[in-house]
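S.K.: Residue numbers (numbering that gives the first Met the number 0), protein chains in the order written: chain A, 0 to 304; chain B, 0 to 439; chain C, 0 to 276.
Just to be clear, a hint being listed does not mean it is correct.
Where chain B lies over chain A, by a calculated footprint (3+ residues, C-beta under 8 Å) [to be verified]:
| # | stretch |
| --- | --- |
| 1 | 43-54 |
| 2 | 85-93 |
Here are some chain B residues pointing at chain A (derived, C-beta under 10 Å) [to be verified]:
| # | residue |
| --- | --- |
| 3 | Y51 |
| 4 | P105 |
| 5 | G399 |
No lab work stands behind these hints: they were computed from the structure.
For glycine and all other residues, C-beta sits at the position ideal for the given N, C-alpha and C.
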Amino acid sequence: MDYFAQQLINGLVLGSIYGLIAIGYTMVYGIVGMINFAHGDIFMIGGFIALITFLILISLGLTAIPVILLVVLLVSMAITALYGWTIERIAYRPLRHSFRLAPMLSAIGMSFVLTNYSQVAQGARVKPIPPFITGGYTLHESPDGFVIQLSNIQIMVVVTTIVLLAIFTWLVSRTRLGRDMRACEQDQTMAALLGVNVDRTISMTFVIGAALAAVAGLMYLLYYGLVDFFMGFVAGIKAFTAAVLGGIGSLPGAMLGGLAIGLIETFWSAYFSVEYKDVAAFSILIVVLIFMPTGLLGRPEVEKV
Amino acid sequence: MTTIPQTTHASRTAGIPSILKTAVINALVALVLFSLMVGIRTEAGSDGQLTYWTRFGELASLVAVVFGGSIVIELLRQWIGPSGAERLVPPAVHTGMAFVGRFLAPALLIFALLVPVIFYNQRYILDLAILVLTYVMLGWGLNVVVGLAGLLDLGYVAFYAVGAYSYALLATNFGWSFWVCLPLAGILAAFWGMLLGFPVLRLRGDYLAIVTLAFGEIIRLVIINWQELTGGPNGVSGIPRPTLLGIPLDNSDDGLAAKLGIEYSPTHRIVFLFYLILAMALLTNWVTIRLRRLPIGRAWEALREDEVACRALGINTTSTKLTAFATGAMFGGFAGAFFATRQGFISPESFTFQESALVLAIVVLGGMGSQLGVALAALTMIGGFELFRGLETYRMLVFGMAMVLIMIWRPRGLIGHRAPTVFLTKAKAISSDLVKEGHG
Amino acid sequence: MSGESILKVDKLTMRFGGIVAVHELSFAAERRKITALIGPNGAGKTTVFNCITGFYKPSGGTIRLTHDDGRQIALERLNDFRIAKQAKVARTFQNIRLFPGMTALENLMVAQHNALMRASGFTFLGLIGVPTYRSAEASAIALATEWLRRVNLLDRADDAAGNLAYGDQRRLEIARAMCTEPALLCLDEPAAGLNARESAALSELLLSIRNELGTSILLIEHDMSVVMEISDHIVVMDHGMKIAQGSPREVRDDPKVIAAYLGTDEEEAIAVMESGS
Chain A
0 MDYFAQQLIN GLVLGSIYGL IAIGYTMVYG IVGMINFAHG DIFMIGGFIA LITFLILISL
60 GLTAIPVILL VVLLVSMAIT ALYGWTIERI AYRPLRHSFR LAPMLSAIGM SFVLTNYSQV
120 AQGARVKPIP PFITGGYTLH ESPDGFVIQL SNIQIMVVVT TIVLLAIFTW LVSRTRLGRD
180 MRACEQDQTM AALLGVNVDR TISMTFVIGA ALAAVAGLMY LLYYGLVDFF MGFVAGIKAF
240 TAAVLGGIGS LPGAMLGGLA IGLIETFWSA YFSVEYKDVA AFSILIVVLI FMPTGLLGRP
300 EVEKV
Chain B
0 MTTIPQTTHA SRTAGIPSIL KTAVINALVA LVLFSLMVGI RTEAGSDGQL TYWTRFGELA
60 SLVAVVFGGS IVIELLRQWI GPSGAERLVP PAVHTGMAFV GRFLAPALLI FALLVPVIFY
120 NQRYILDLAI LVLTYVMLGW GLNVVVGLAG LLDLGYVAFY AVGAYSYALL ATNFGWSFWV
180 CLPLAGILAA FWGMLLGFPV LRLRGDYLAI VTLAFGEIIR LVIINWQELT GGPNGVSGIP
240 RPTLLGIPLD NSDDGLAAKL GIEYSPTHRI VFLFYLILAM ALLTNWVTIR LRRLPIGRAW
300 EALREDEVAC RALGINTTST KLTAFATGAM FGGFAGAFFA TRQGFISPES FTFQESALVL
360 AIVVLGGMGS QLGVALAALT MIGGFELFRG LETYRMLVFG MAMVLIMIWR PRGLIGHRAP
420 TVFLTKAKAI SSDLVKEGHG
Chain C
0 MSGESILKVD KLTMRFGGIV AVHELSFAAE RRKITALIGP NGAGKTTVFN CITGFYKPSG
60 GTIRLTHDDG RQIALERLND FRIAKQAKVA RTFQNIRLFP GMTALENLMV AQHNALMRAS
120 GFTFLGLIGV PTYRSAEASA IALATEWLRR VNLLDRADDA AGNLAYGDQR RLEIARAMCT
180 EPALLCLDEP AAGLNARESA ALSELLLSIR NELGTSILLI EHDMSVVMEI SDHIVVMDHG
240 MKIAQGSPRE VRDDPKVIAA YLGTDEEEAI AVMESGS
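Extracted from the complex, chain A is given alone in its bound form (with noise of 0.2 Å):
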């Protein structure tokens, strides 16, 4: 039972970085209806930057670790941001209304690009940071010497993600931006009819998805240590799985799928094999589109005949 409240925590943790990556997917997709393949590299930009600021500001002599932390988190938040934004701008702008490949392409080659620019930008060894949240509280100590154990760094990611899916809820349900946004998802003509800005309400898509993603590289860079230039196909397959996996376009599809992803893939190294995880997250995708084509959340399509 330790063991199996251990892995829950550790399950819903990973779970959050899925699901903060997975929300950027899912909006893009919400609203240009593009899989934006691109997006796990966004991820993996968002931990290099936060790395070398760290490393920067380190250099620099602070040593607040809450000050750093700030200042980190906009720092990466922003540069990634304008990272998205650059990258609508140059390769899936000029798609838009171009034929649904096209674009899909169009990303797959950027995934290309930041990978690989970012390999020959800062070298294909892993970068590995010094922990720099520590401790943590001993939730449960079994007799038999089995702890339960919750470390700080756990509950900052925790927090954050739900802070920010806070932040992000009311952006997409109270803002003007958000009411542009999701009149952009309905009928872009009709949007751009009405005096909705297109252009810029799908920039702002992407410059939030990436600001997320930035954050999702930061914790992540902060929970295991190190980031390297590859990552970010990975973390972005799974994210991308835990998007449609949720029902894609479904914001909270997107964190609900994050979550079950994060805990599938726990469970199953804990359990079963380590080796076969990432086969067990696939699967049970597989397995639960089969069931349910349009995923958990995701509204089920009625076809117009």
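Given chain A's structure and the hints, the job is docking chains B and C onto it.
M.R.: Only chains B and C this time, still in chain A's reference frame:
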């Protein structure tokens, strides 16, 4: 999708100040983008401690390149007119292209047949030609699924892997010959295609895309982890070379060279492999062309155009999709078996998502559904890829950029029309603007 | 009438969640006759069509199709493609669903898919090019040509369907449905968007299908000039229920129909009904 007039290029007639303004903004954006990623270089030291050093020179030159590049692009845009890269090509060239197109296919075929004669002593070119032909075959195989049936398959490499491992394992474990294993590899790949296809083919659009992607990853991960069978990351080595009807192409006494009484040369095997893959690719092409003219092929294309209408006409859409999937998978399996026998060694590294993306890019760049287009695209992409062999680390970077630029330049691929499968009086090419892409 | 009916719909009910789109609808379509299903927008006509042609599974009721040889088929138990394949019910769509990137001729060839599949030995014999398949294909082309001639599109045979004019697309869709050699042809608003001359040509085409080929036709139509001219029998629906039926004359004079069609504004309703006479 509806067409909204693009507003991005409204400032077409703007003067020098506005060009400079755009260039300055672009340079500033570049400065922020590259500031940390390029301006600072991190590296893990031997003690695991991260160090960094600055590279402001590189940063400055990159920003300068963006600044200069923006000015050039803006100027070009003014001279050429509205963004449409299409307009770079005047209509006369298009009709000219159509004319050339008629003779291009036979010319290419004759050239392909003569490659080993012309380049007999250039091993590098022969190897490259074999590689190109392998991708031509893969492209033609995936074209059945994506181009004809309109089903998006992001895990095509799985079937390539199934074919390669089928041959490698059957040959190394049981000593079966290539010619026995080749059909088996195709059948096994088709079987896996059906197995995957059966439950998932009622999914639509991007759901199908992610499931096929997931399937590709599952196959790769199983190959990596099932070490007793597949050798895991170490792969399978010592895969037998193919024989010419049982006669090996080696230096032994009963090798082909000895039997013909000519001097042995390792090039014999390369030439043989070249003609083998050429024959396999041409067979794929022939079968696909024939299938297109058969009811099943027409049903595939109809499915791509409108699935609901297909059902209203009594077409069993599930089995139609399944046959497309299985046919494409089978060709992938054949190509995989060839790959295994050519390399003599296979490992999971050869079957990553990048391969699937590459083959898909070939199909889309070719112009969905066009056989000639796929061949041209494979030649351009693999050939172009080879040009950058020297710049090892920049290779994928350039490849990715090329993919983006090509899509922006020609979103519908090189060959922008579809040839009808049957005609009464005259076969007229159909503009690809009318041709649908499918939802699956 | 019961013995002669090709299609008998009995207490058909279709619910979407809490909404009842069709409620216990019963009617029959006679063999070798043209039956029209009319009613205001949102009356549930297309839903009935989708139930008959297998795109929806009815919530309740039965749909019986009786073939010439007396064979009875329960359509509510068959799904999607089997209705067209086994029960020989063909349909067209309100918002034309051709294969736009294929030529007119190819569209008609796709319609003969099942027959050609058998002739091609499920592809295997066709692949090696056996003569029986070649002759089957030749006769399929002949049938398609014949239909292109009938709908006056012979000179457009090799043009992409998506390039045809709207009215031509409507006629091509009917030709495509007819190429499946159906026992029952279901047309969903075939005259929508046609001008007066094209409507007249359509009426002529439908009458010739009934008279020369003996195909039974069920149609949904708003264009009363077409409905009144060609229908043998009319079923009027409103709010998912049948409110009247009978010959064009009977229906036209039915006050319930007039009321349903245009609310209480009887004058206008009469004007609409009379435009068809």
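S.K.: If a hint holds in the structure, say so; if it doesn't, say that too.
M.R.: Consistency of the hints with the structure:
Coverage of the stretch 43-54 of chain A by chain B holds [criterion: at least 3 residues with CB-CB distance below 8 Å; count 7]. Counting residues of the stretch 85-93 of chain A whose beta-carbon sits less than 8 Å from any beta-carbon of chain B gives 5, enough to reach three: the coverage restraint holds. Among the interface hints, the one on B:Y51 holds; its C-beta lies about 5 Å from the nearest C-beta in chain A, closer than the 10 Å criterion. The criterion of a C-beta within 10 Å of any C-beta in chain A is not met by B:P105, whose closest approach is roughly 29 Å, and the hint is violated.
With a least beta-carbon distance of about 3 Å to chain A, the hint placing B:G399 at the interface is held under the 10 Å criterion.
Checked against the numbered hints given earlier, this structure breaks only hint 4.
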